[in-house]
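Peer 1: Take a look at the letters that make up each chain.
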Amino acid sequence: MDFNDSPAEAAFRAEARDWLAAHAPAHELAAGTKMPDTEEADRGRAWMRELYAGGWSGLTFPKALGGRGLSGPEAVIFAEEEGKYHLPKGPFTSIGTGMALPVIAKHGTEAQKQRFIEPTLKGDITWCQLFSEPAAGSDLAALRTKAVRADDGSGDWIVNGQKVWSSWAHLTDWGILVVRTDPALPKHKGLTFFVVDMKTPGIETRPIRQISGASEFNETFLTDVRIPDANRLGAEGEGWACCMTVLMGERLGSGAHRSGVEPLIDYAAATPDGQGGTMLDDRAIRQQLAEALAEEQGERFFQARLRTMVSKGENPGALAGMVKLAYASRYQKTNGLALELRGLAGIAPEAGDTATGDVQYDYIYSTVMRIAGGADEVLRNQIAERVLGMPGEVRMDKDVPFESLKG
Amino acid sequence: MDRNDWARAAMNFDLSDEQKMLGEQARALLSDLSSFDRLRVLIDSGAEWDEPLWRALADMGFLGAAIPEAYGGLGLGALDLGVIMEALGAANAAVPFMSSIVLGAEAIRLAGSEAQKAAWLPKLASGEAVATFAYAEGPGPVFATGVTLEGGRLNGSKSPVADAGIADVAVVLVAGGGFALVELGQPGVARTRLDSFDQLRAHYRLDFAEAAAEAMPGAGKLDRLIDQAAVQAAFEAAGAAEACLKMARDYAMERQMFGRPLAGYQAIKHKLADVAVATELARSNAYYGGWAAESSPDDLPAAAAAARLSGIKCLEMAARENLQVHGGIGYTFEANCHFYYRRERMLAVHLGNRGFWADRLLNAQPGSQGKAA
Ligand SMILES: Cc1cc2nc3c(=O)[nH]c(=O)nc-3n(C[C@H](O)[C@H](O)[C@H](O)COP(=O)(O)OP(=O)(O)OC[C@H]3O[C@@H](n4cnc5c(N)ncnc54)[C@H](O)[C@@H]3O)c2cc1C
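Chains as they are written, first to last, in our numbering: chain A, 1 to 407; chain B, 1 to 373.
Each hint should be verified, as a subset may be incorrect.
Below 20 Å or equal to it, Euclidean Cα-Cα: the simulated DMTMM-like pairs (lysine to aspartate or glutamate) are [what the hints assert, rightly or not]:
#1 A/K199 / A/D37
#2 B/K123 / B/D59
#3 A/K34 / A/E314
#4 A/K146 / A/E403
#5 B/K20 / A/D2
#6 B/K221 / B/D299
#7 B/K117 / B/D168
#8 A/K333 / A/D358
#9 A/K146 / A/E80
#10 A/K312 / B/D17
#11 A/K146 / A/D397
#12 A/K312 / B/E18
#13 B/K20 / A/D197
#14 A/K312 / B/D14
#15 B/K246 / A/E385
#16 A/K199 / A/E314
#17 A/K146 / A/D156
#18 A/K146 / A/E238
Because the hints were derived from the structure by calculation, they are not lab data. Keep in mind the model is a prediction, meaning the values are calculated, not measured.
Please construct the entire structure, taking both the sequences and the accompanying hints into account.
Peer 2: Put into structure tokens, the structure is as follows:
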């Protein structure tokens with residue numbers, strides 16, 4: 001066990017730090033910055049371009065495809081250093097680098113890799129994920145959006161259906177899409193995976209108003225959308241394997257983040273309790289803060305153990321879901337406590353109190369963490385089944401042709 | 001690690017192969033010698049400890065693992081000790097390892113004079129002598145200082161003191177916060193066995209009346225001692241929690257309910273998934289605590305407190321839900337849930353409870369100084 005970088009790692013970290021110090025501040029956003037989606041997207045693209053120009057985009061992708069061809073812990077080191085800045089990245093760019101590129105790299109043809117990987121690393125192509133549907137969330141394989149071959153002999157596919165909760169679909173260039181191509185097969189077997197140009201006629205995105213007030217996700221309607229067969233990823237009927245690649249990337253990417261137990265302690269220490277002390281003197285508050293802090297640290301070190309596994313070439317599998325499961329609930333609890341600590345000002349802060357505004361937003365946002373990327377209950381099932389070896393869920397639909405299923 | 005560097009995680013955050021092997025050796029020995037049947041025999045006979053097991057642990061070198069080589073030990077570190085503690089926790093072993101090695105020997109190493117170390121550490125490493133650390137004085141503060149040492153004479157009472165019936169020597173926390181070294185087999189010491197909630201960990205009341213005792217020269221070592229012990233307690237708790245989890249899982253896999261295994265029901269799966277997560281968080285914090293104890297003393301206070309809090313939490317969940325999953329049979333002496341269920345309460349309060357460690361964790365944070373309880 002060693003918390004110190006090896007000489008090579010230390011050199012890489014120093015290089016990353018220097019580069020970031022010279023380039024990141026110009027792109028940084030002040031805490032509490034709210035801006036229109038389009039502006040956030042433009043800033044995300046600009047940062048991607050900067051990264052690429054500096055040689056920091058796609059550290060683990062082969063050089064021939066525009067990456068840096070590294071295979072050690074460098075990507076983790078860079079992410080740690082980059083994470084110290086408040087950069088306009090987020091889901092807008094990470095769906096591309098964290099979800100679309102891994103599936104293209106694993107299941108794509110040489111031509112597809114050439115076409116998509118470098119432009120994405122450069123920030124020239126951004127991506128959305130067209131997976132979820134109104135009746136297919138946790139049960140993703142229940143999706144109904146269907147594709148059939150065009151009858152003109154072109155080999156093209158014609159897609160019809162509806163996706164939902166598609167983050168950034170209104171602003172991104174391409175989508176990763178999974179559809180049903182053979183309803184006569186059981187539900188996991190008749191799926192096929194595509195990349196789709198979001199400007200293709202027949203695609204319509206309608207913003208959905210979210211509880212946070214923003215509307216970064218959409219309903220996406222697909223009406224007679226024509227997709228060339230060259231944009232199919234993997235074999236016909238093999239779409240589920242592609243989905244698994246994407247979801248594994250999503251899982252490993254969403255881990256423990258800093259979510260502010262320490263600032264909360266500072267806040268409590270600086271806020272008078274009206275009895276000559278501070279809020280931090282309150283036993284119940286001390287207890288809650290300490291438990292949250294201990295959990296936060298446990299998540300961080302557990303994440304470090306998983307990274308160590310990855311760096312040794314081991315696959316953490318369902319263990320990766322454990323960090324997300326712990327983190328999501330703790331994040332919600334912590335932000336709830338943060339509002340409570342502020343007393344009435346937590347529910348109605350003075351104008352200009354952006355810190356409280358941020359906490360309010362985080363409290364609302366914390367609900368997402370427990371749903372997206374594997375809902376709590378789904379993750380618990382996976383941990384029970386794959387880590388503890390307990391029996392799988394009862395599945396009535398597994399071997400039944402999709403078209404014979406009710407619902 | 002500086003506060004702004006929290007984002008930085010270790011590139012190599014794992015036990016070494018040697019440490020993993022040490023843990024496996026300890027587990028193998030314990031599964032041979034410390035079965036649940038053996039524990040039931042010990043309870044029924046009112047035994048204070050599993051003496052043959054202690055000898056076997058000594059023969060394997062486990063008792064001396066973290067004692068310096070100069071005093072007959074192996075000179076290994078906190079993480080090595082941790083993997084042994086994890087194995088002892090998993091087995092619920094009836095041995096005074098925490099008392100004699102983690103607390104007693106370590107107190108002597110930290111605060112003892114050269115002569116005291118030379119006199120006691122080799123005997124503790126070989127298992128020839130057993131030590132304990134006497135800190136509590138009944139209800140109230142866990143680390144109490146009502147016992148006095150004046151002119152080489154010790155007066156006052158400590159209670160409860162784990163393993164004091166079998167210990168040859170006690171390190172006693174005394175007025176002023178220093179330690180006194182007292183041999184227990186002398187007329188000035190009265191030992192009264194208490195009714196211990198954990199039937200496999202005997203506790204005593206010690207009354208000192210003009211008992212001959214030596215001051216230990218090292219001052220101000222209490223914090224370091226209990227921080228290190230808290231890390232070891234977290235390893236012990238994680239080991240015990242893992243054993244509860246496995247026991248509950250195995251039972252649920254076997255027990256048929258409404259035509260399918262109990263383990264197939266989500267209420268059970270989700271409960272155990274949550275225990276698994278809490279156990280991994282506790283283990284991760286214990287690893288970090290072990291690393292800090294060895295390599296980064298400035299980080300130890302916060303690391304130890306976080307490990308201690310996580311350890312209490314995971315074992316509480318694991319011990320309670322293990323019994324629950326077993327249903328009625330879990331309430332029998334024949335089933336094994338009760339061993340952990342009792343030990344859990346003992347482990348949750350010895351060395352200070354949740355509130356005590358919550359205070360220490362917050363006090364170790366920059367920006368929250370001066371707020372203690
Ligand atoms: C902010 C946000 C952004 C998103 N972005 C995208 C995106 O870009 N692209 C995309 O494709 N999707 C996206 N999603 C969708 C996300 O992946 C789904 O919301 C998620 O998979 C859950 O599906 P659902 O919402 O249909 O809930 P459901 O699957 O209907 O779940 C409802 C409840 O039932 C529980 N549940 C489900 N199955 C079981 C079971 N077997 N046992 C017990 N309980 C169960 C769940 O845990 C949950 O509590 C986004 C979601 C959010 C909130």
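Peer 1: Tell me, in ascending order, the numbers of any earlier hints that this structure violates.
Peer 2: Hints 3, 9, 13, 16 are the ones this structure does not satisfy, whereas the remaining hints hold.
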